[in-house]
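Undergrad: With the hints as your guide, set chain F onto chain V.
Number of protein chains: 2
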Amino acid sequence: MSDYCPPYADMQFVLEELVGLETLGTLPSLAKISAEDVVEILNQAGRFGSEILSPLNQIGDQEGAKLKNGVVSTPAGFQKAYKAYQRAGWGKASAKIAFGGQGLPRLITTVLFEIWNSANLSFALCNTLTDSAVTLLTKHATPELQTIWLPRLVSGDWTGAMAITEPQAGSDVGALNCSAIPDGKVFRIKGQKNYISWGDHDLTDNIVHLLLARIPDSPHGSNGISLFLVPKFLTNQKGEVGERNEMRCLSIEKKLGIHASPTCVIEYGSNKGALGWLIGEKNRGLSAMFTMMNTARLAIGHQGLGIAERAFQQARNFANSRVQGRNQKGKLVPIINHPDVRRMLLSMKAQVEAMRALCYDTALSVDLSENHQDSKIRALHKGRVALLTPIIKAWCTDRAVEIASINIQVHGGAGYIEQTGAAQLYRDARITPIYEGTNGIQAIDLIRRRLISDDGFMMNVLIEEMRQFDGILSTVKGNELISIRGRLAESGAALSRATHQILNAAKINPENADAGAVPYLCLAGTVLGGYHMARAALIADTKLSNKKLDNPKFYEAKISTALNFSENILPKTAALEKAATSGGAVVANTRIDLI
Amino acid sequence: MSDYCPPYADMQFVLEELVGLETLGTLPSLAKISAEDVVEILNQAGRFGSEILSPLNQIGDQEGAKLKNGVVSTPAGFQKAYKAYQRAGWGKASAKIAFGGQGLPRLITTVLFEIWNSANLSFALCNTLTDSAVTLLTKHATPELQTIWLPRLVSGDWTGAMAITEPQAGSDVGALNCSAIPDGKVFRIKGQKNYISWGDHDLTDNIVHLLLARIPDSPHGSNGISLFLVPKFLTNQKGEVGERNEMRCLSIEKKLGIHASPTCVIEYGSNKGALGWLIGEKNRGLSAMFTMMNTARLAIGHQGLGIAERAFQQARNFANSRVQGRNQKGKLVPIINHPDVRRMLLSMKAQVEAMRALCYDTALSVDLSENHQDSKIRALHKGRVALLTPIIKAWCTDRAVEIASINIQVHGGAGYIEQTGAAQLYRDARITPIYEGTNGIQAIDLIRRRLISDDGFMMNVLIEEMRQFDGILSTVKGNELISIRGRLAESGAALSRATHQILNAAKINPENADAGAVPYLCLAGTVLGGYHMARAALIADTKLSNKKLDNPKFYEAKISTALNFSENILPKTAALEKAATSGGAVVANTRIDLI
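If you read the protein sequences in the order shown, they are chains V and F.
Residue numbers are given in the numbering used here: position 55 of the first sequence equals residue 59, and the series is strictly consecutive.
Residue numbers are given in the numbering used here: position 444 of the second sequence equals residue 448, and the series is strictly consecutive.
Hints should not be assumed to be uniformly reliable.
Put simply, identical chains are the same to the list, so a pair is met inside one copy or across any two.
As the list claims (entries may be wrong) - Derived lysine-lysine pairs resembling DSBU-like cross-links, with alpha carbons at most 30 Å apart:
| # | residue 1 | residue 2 |
| --- | --- | --- |
| 1 | LYS286 | LYS335 |
| 2 | LYS333 | LYS189 |
| 3 | LYS335 | LYS511 |
| 4 | LYS70 | LYS551 |
For the record, the hints were derived by calculation from the structure and aren't laboratory data.
So that you can see chain V by itself, here it is in the shape it has in the complex:
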């Protein structure tokens, strides 16, 4: 397995120059945090990720989580690393100060999670789930429940898990059967759930499940689902762990990747029923769960970024050190000298940087949507986040799979050998387009819930933002930026046309819109990625022309990477536009019996 080294320079660039770290200072409700603080936090996190978590990544893969005699155990070293993570307070980063958290802005915790995801995706997933559970309980639980459960989740004494899926209820959550029978103030939960990531493990002495179930006499389908808190162990009022609740891990899945993350099948209530506490309103469980899922969906997009970054690093390191073949002058050279290897590396680098810009930019919107003084700006950013969430989830995870695959290809035969570690990234990455709603579900969500709900308003705000940026670019000289501007304008126009068409289709022929949804989402992700890369190129251009710089190479690289994005990635938007519109109609009109 390769080493992992956080890409500090690009992280800082995106934070400070592209997204605007200083904006956080204008948000009075957030804890003040200086640029120097951020550097220090990232350095510490980077050391923890590269020195503690990263070396466990391959061990975790090889050993995997195990179930023996009803006990789920994690691979060697995971318990110790978890204690260290907890001790260092990393789990508290995003939670509100009132519950023992540090209240760091989402923009900063997004960078932290990029590091954890790069270093060790399986490990990071556990904390992502706890983080999501904290978000959910903060928004929906009663103060009484919050007092008992939140501090221990925030401190990392306990972890969170989501118990949603049942064998017959996967993407169609509304089909679930798990039952919750009132018993005084609490409920008795009975049923079986699967695909519960970190549903059971040996890292902490309690695990808090957020579980969807149906109270008798509730309506069928999605409107009859309620949300419950179901802990592995019951607690007393002081929060001390007591009797075991009625839940039992029946099996853990043998998966393609993320082997260190136990994916559990859990049976609730083999006798009287597991005790569960209602979170939010009866029958409104799905809507409460969605607040958690949206946070989690962004988090999965960040997993895509993390894996892609690590795959890129590994490929670049290998290409710089592996000597094979000769250059045009007949000299033996590292393979990075071969143009086709450069092509692969540049495609990885360009897309990883675009993903990072898109993820961090949206994270700032999360902060603005929650903390800005002006309610209009809060609303605007709320809409922006809502629109970008499915795009980040799906576009970044699809890219991660592609980039992990390119990493294997750069390695040649060595990439196919497990020891190298490239194969693990490829296997691990493959879950990200699936969980938290498949990318197909994300794309349909994008169209049905985000585009249609405001008749394309928010997407058109983004498109208009790009048009205004085009105006700024029009004043800039320099061949690279002129080329970048041209391609971005073309693909922005494609996104604009496709948005118009898919909105029309959604009204007249919803099946056509559904069939074009995935290419449409990919089109939007690609154009937005190109937009951020072009913004970065402009900043770099200005910097290079105005100042004597310590590190001109970084800015020169920004421009050449943006140019590579615009020349080799953006041209795909023409095909995506067709697949989203006319291609979707062809798919929708193809008879099932002809497939």
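TA: Here is chain F on its own, set in the frame of chain V:
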């Protein structure tokens, strides 16, 4: 693991209607074979593949090949299946009758290998290697060596393997160090080779390695490499297995996939040197090996086809049986009803059928290049095969990885669980863009050896063939065919322009051409795939308009699948053209220190 059922209908269609099985009858040097014979052969092979080989596929993956006390053993059931394969005479299919083979045309054996590859890629690989070794010895070995070695390889008593790669000599074969010291009429081989697929195993009592090594005083680099036959066991004149040769399996690799295929590190000559016999001329080993590698490269393309077909079948079966979600009328339905699932399935189906057409069509060209009476036609088809070999190898294997990934996506969470078998196809497929020359090497080979060598003549013959077909299509009515014609004309023009540009670049800026090589190859594969799909659509259209058919649905599906290819796959050619030309130039001009 899913069942495998050979796609008889499409195989027969491509053989009889699209490619022209009857052409084989015009080749006097080939054994006569009727259409009825072909049906019978395919049915028998289909039963063998689905009943004997396919059920071992998952066992092979789970158990894997093992090395213990110097002995390599295959998973449970492989020995028995191999004996059955041998007894049924499948190994003899392609070899010349003079050496005990059945002399079946390549067109037919290509269909057989599609079946073996779909059923069990690891198992099939062993026979692919033997087949390639037979081809090589038939062309290059002395009659004396042929008499000893060929009949036993043809009968399947022994298997073949290729010993090429050394740690420092992967894609750059010319860097190899393995030595061959003359000792009377034979040579003493010393050195270590890795990545030898099926280099050692327990299926047969001998294994014939075709090994590249350097005779002392040979020139450095590629021009100093000779080819040797190095058997695991020496034989007497009667071909009876005798003393063990000095070779030893040091280890087998733990790989991402094809676990049942032992990938060996082998040490030759720990004492006096392993005995080896020179094949072909001294220092001309690489050129002799290339005749084997070209056969093998087509064979790897057929592996891509086989895996992709199986992935498509599994996805379609799952989509037809998995009930989840509701249709527009609110009824619970199998997921094939959801437009996004249809989109995925159609993209798989369209590409699999295009791959099949391309593979079979080229296989007929192999037969024509070897057996036609007219030397001009032989030469034309030889050029055609030379041009299409890297395209088939790389385009089909890249598609296989993509299609295996879509199969996982269609399955959702279940696709990530190893038991389902979708993950195995995804892991197995990933080797195919790597071995027998990475797809990057194929693309550079396409440009440097195939395009430049005849200044684009053969590619332009294909483009002209497509132009003439466009003329035929122009007379046809029917909206589907008109749409198909339009898209094909656009993408054919893109291929024509890119060919012209990349030839120019190759002369002036070879690095630009190298950087655009992979997108160029993908462009060519996509356009040629679209061409064959359009041809199939025209045949189907004619059939549907002229006759009362027993199976109109098959022909209706051909048209709708071709339409899906042209609307959702062919539009990608615009982006590929850019990446092959202007995009390649940008990559080539990017400084290495900026990556």
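Undergrad: None of the hints should be skipped; say for each whether it holds.
TA: Each hint, compared with the structure:
1. LYS286 - LYS335: The answer is between: 26 Å across copies meets 30 Å, while 72 Å in one copy does not.
2. LYS333 - LYS189: Neither: 80 Å inside a copy, 39 Å across copies.
3. LYS335 - LYS511: For LYS335 and LYS511, only the inter-copy Cα distance (20 Å) is at most 30 Å; the intra-copy one is 62 Å.
4. LYS70 - LYS551: Neither: 57 Å inside a copy, 62 Å across copies.
The structure is inconsistent with the numbered hints 2 and 4, although it conforms to all the rest.
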